[in-house]
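Please take these sequences and the hints and turn them into a complete structure.
Residue numbers (our numbering), protein chains in the order written: chain A, 42 to 367; chain B, 160 to 935; chain C, 374 to 544.
The hints are simulated quantities; they were obtained by calculation from the structure and are not laboratory data.
Hints may contain errors.
[Claimed, not checked] Stretch-level coverage of chain B by chain C, calculated; a stretch enters the list once three of its residues show a Cβ under 8 Å from a Cβ in chain C: (1) 310-320; (2) 667-681; (3) 863-872.
All values reported here derive from a predicted model rather than from experimental measurement.
Backbone N, C-alpha and C fix where the C-beta goes; we use that ideal spot for every residue, glycine too.
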Amino acid sequence: MTPFSYSRASDAADALRRATAGAKYLGGGTNLVDLMRETIERPAALVDVTGLSATIEERQGGGLLIGAATRNTAVAEHRAVRERYPVLARAILAGASAQIRNMATMGGNILQRTRCTYFYDDEGSQCNKRVPGEGCDAIEGFNRIHAILGASPACVATHPSDMCVALAALDATVHLRSAGGERVLPFTDLHRLPEGRPDIETVLEPGELIVAIELPPPLATRSTYRKVRDRASYAFALVSVAATLAVEEGRVKDVRLALGGVAHKPWRAFKAEDALRGQPATEQAFRAAAEAELAHAVPLHDNAFKIELTKRTIAAVLGELAGEAA
Amino acid sequence: MNIVEQATKVTKTAAQGLMKKAVELAPDSWIPGGNPDPLIRQQHGHVGKPVSRLDGPVKVRGAAPFAAEFATEGLVYASVAFSTVAKGRIATLDTATAEAAPGVVLVMTYRNAPRLKPMPAFMSAAKAAGGDSLPILQDERIHWNGQPVAVVLADTQEQADHAKSLIHVVYEAEAATTSFEADKARGTEPALFQGELMKVEIGDAETALAAAPHRVDATYRTPRHNHNAIEPHAATVSWNGDELRVHDASQAVVHTAWSLAQVFGLDEKQVHVTSPYVGGGFGSKTLWQHQVLAAAAAKLAGRPVRIALSREGVYRMVGGRSLTEQRVAIGAGDDGHFTAIVHTGVTAMTRHNAMPEPFIVATRSAYAADTFKLDVEVVHLDMLANTFMRAPGEAVGTFALECAIDELADRLGMDPIELRIRNEPDKDPTQGTPFSSRHIVEAYRTGAERFGWHNRAAPGTRREGEWLVGMGCATGTYPYYRMPGGAARITLTRDGRATVAVAAHEMGMGTATVHTQVAAERLGLELDQVTVVYGDSTLPGVVLAGGSQQTASMGAAVIAAQHALVGELLKLAGNDSPLAGLKPAEVGGLDGGLCKLDEPERRESYASILSRAGRDEVTAEAEAPMPLELQHWSMHSHGAMFCEVRVNAVTGETRVSRFLGSFDCGRILNPKTATSQFRGGIIMGLGLALMEETQFDERKGRVMNPSLAEYHLPVHLDVPAIDVIWTDIPDPHTPMGAHGIGEIGITGTGAAVANAVYNATGKRVRDLPLTLDKLL
Amino acid sequence: MSIMINGAAMSLPEDPRVSLLDLLREHHHLTGTKKGCNQGACGACTVLVDGERIVSCLALAMQYEGRAVTTIEGLADGNELHPLQQAFIEHDGFQCGYCTPGQICSAVGMAAELKRGAPSNVTGDLSADTIAFSRDELAERMSGNLCRCGAHNGIIDAIGATFAARPEVAA
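Okay, structure coming up:
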């Protein structure tokens, strides 16, 4: 680990003041500390923001405002989340281990970085995400866990978070604060696709701080998250699906669908949603929607299976939600 | 190895062959184990009791000190820099920034490292323990991607790690051989394992195969694996003049001490290696370059050194199991009788070790057949030396063999257990020697009944919701070994307490507990009157905790030492003792003293003998006899492994829902610790079956998943309740009637899972691991 | 600046790079907490902070100023083992013993989570107030603690016997 200074912020304004050039905000540390130990991250200063807002507030109209320093466990355990946003509770519980969820903050989870093994191999591999322009060893290497949607010739990495897939499906927004003031961003606009600069993963400005995540009132009471992985627990997703579905008289009234493990960002499946609205809530329609979403998927050497796997998982999750609705 | 060396070795093997024949033909009574161990008859003592681990309290308190936990005055911490090319030389090496970094004591590279001899590679000499025989920081040459190129010592680990990141190396890379397929295409070489050519030809198997009315012929592939003991390799090392002290994590303390002595040009007695607790080994905790680097750096710095490898460091420096590509072909008659068994293939090793993954060893003794063709070929790659990992050979070899049997049974329309029983050999099918103890058929029958095998349905026909359910079985087998060099010392005091000392190891197998039971029983003492000391290179014996042979080695050594002790005691007892005139062989331990074995009332207590002789204690040390029994009998453990899986029809995810291991491994010495060992092997087998793979990127020859996050081990939720039963039939020719049981659990397990997956889905996967993409 | 470790105030390091794990092991010689991967993947370093289980390898020690840490050394009451420690011996919930302190600390934290009704990934009904100590629930919740010797059955048996059968045991 490269030497750094450490300080603790008392509130958001204090955090912004402390976040000088080269500084990074520190949440639970579950990803950042690991990356620093691997010398992939070398901040000059850490500003500990775990003392910032960690409350879960009811919003008028039925939404929730979750402070960015709230621990993952607290969110998954919260009564309102379990009852109104089961997709979020399930996504969080599907991620990492209990110990890590006890440490990880909402803000930190959102900003976690890819598990691409070439990204992690600071000494021995080329990675455009670490060193822009250096090249990507993953494209011709082990890429079973890599992207099939939205990748670029510069980067085929995926975003590893489960929680973020649920947030994408829930139409969440993120409340950001910087020296210039506050802004609210749709969650799906926060993360970037890699294009030519995979090192830039979000649209956050330097020093900008995530202060809260807002969940709008749920679209439907039924929502869920399904994660497909290489062992029964404690593994990153090969593919995951977050969905919420409203069915009326056998037809899809509305739907939100997001995918994990397939792209550089939590992937909102707008094409599938468009294909589904107003359609009969049937297996065929679910499969057709999945086909529409994956029509432009591009497989790599090791991950072609993800295309079929994603389609099947989408159809199964929607089928399960429709079945509950029936 | 060049051709001349190879030829010499083959000739030597031929000479050994003659000796071997003589041993085969000798009367049983000349052979160790020819007369059954008297302990086998004792059924109501300490042996066979489910005694809880004696080291349990200290372990659950976190008070057991492991190798990286010995505090020493003036200790400095090591951090190792690894090469990033597979072959070539260091062109420039800039250590100035690192040397100037805070807390740094020194940076050791090939420029300033002391002159060292290479480690004697494991199996190149009786006490050789080295993972490879390469120069260690002696020149600028690079031999594998991940080779240590520099060691930083600093006052704290944080400082050492940071300084290491400041070292700048430029390599002049050379074309490396890192592709298995490409090297295979250039030609393979025959494999020599423990001095033996891995080749068996009996009759003309290919012709018999071609003529067989039924046959299977397929290729199976298994990937590289890493041991992943949860304790990373570590050592705390210091010099006192010319004496080297090593707190190690070791399954070979004496081998390590001797090998380090060769490296540093010392006498073996100048190196003291201890390892009271080992956080898992599985074949990996021998001598690798890190202990040498730590000792060399400690010498250079004049300070004690702690080297605790990072998890990545373990992957870069400590070899794992190599990959295999195996062809198994079996020809059978209409009745299922095997007319041919062909098991051939290729594995990768290096020019600097002596370990071709010997995947045919189980096949040599598993089934009767009219003809055999078995062959291991190797290619040599520029990679970290591969090594022994739990059941080397058998773990992956039984995957191929036992899947093939299942495929053949399917083709014959025969129950796979019935097919196995029909081909049960009455003597070793390739050696011709009698089996010392073989009850696999009984293990199968008992296991099948308990598991509910008769409920197995046709492939792909049982479904519960999204889940396809199937059952599979396979035979597990592992040889009984006893290596030469076992010795033990027993010290008996007048208060009736005994200390048994053997340079053995406790890595969690239960050694300390089980051998306390055995020694107490043999000496006629209570458990709390016996202390077993181990894990120290200054103790008697050359005992490897490997090859599932430590129990046998210790058992035979303790028999010899007790025999000597009884001799001493009879001398001390003199003519006034009820024991007067008896020979040691007629006498055994009972109730705190000695008695005539067939006349137990004729006895005298240890206290009485010693006090009459005016002695506070008596000590005897003895060596076990050479393990000639291994050539006189065919000695093996067996297991009938039963598995039920659920395969998700949507996602292809496989979950093992039930598992039963029905074992035939001689007498079980402690049912509690034995159950754990069996289960442990099975669980590692579930990992092998479903998820484990070391990703070796052939472009650079680099391991790409050197992490417990990306190399998947089974987690709690992957592990069902595992049922374990055993025949408990003693092997009349082994100490205590027991067999080692550390490795057999992983054998057969991969095939049992794969066969169950086939039964669930109708899909046959021949490439491990059985990940979901292969089942979609 | 100090941190409470097993009830005693102890110093924090000057170097902010020092993890809570290394603070315990290297600075205060509390080596019961183990380092298995140093990257949050194995759980061997699990300790309790104010009763919650965390992996101490990913925790910078300074972040825990003023917090109360319980390690494996702090579970027993003098010579009296914690009931779970005793159950690990009884059910043979370990072999080599290296992952054991982490498993035990994790299980103590886990039992508290279960008792307060916190759901897990295998909980069927998220809105339920109470959750059974079923084998699957225990196994899922303990999946952050790797064991390579394969003591999984004994570990789950020990936890079940301690907390499910005896709800009065303080988690």
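Structure-based check of all given hints:
no., hint, in the structure
1, 310-320, "holds (count 3)"
2, 667-681, "holds (count 3)"
3, 863-872, "holds (count 4)"
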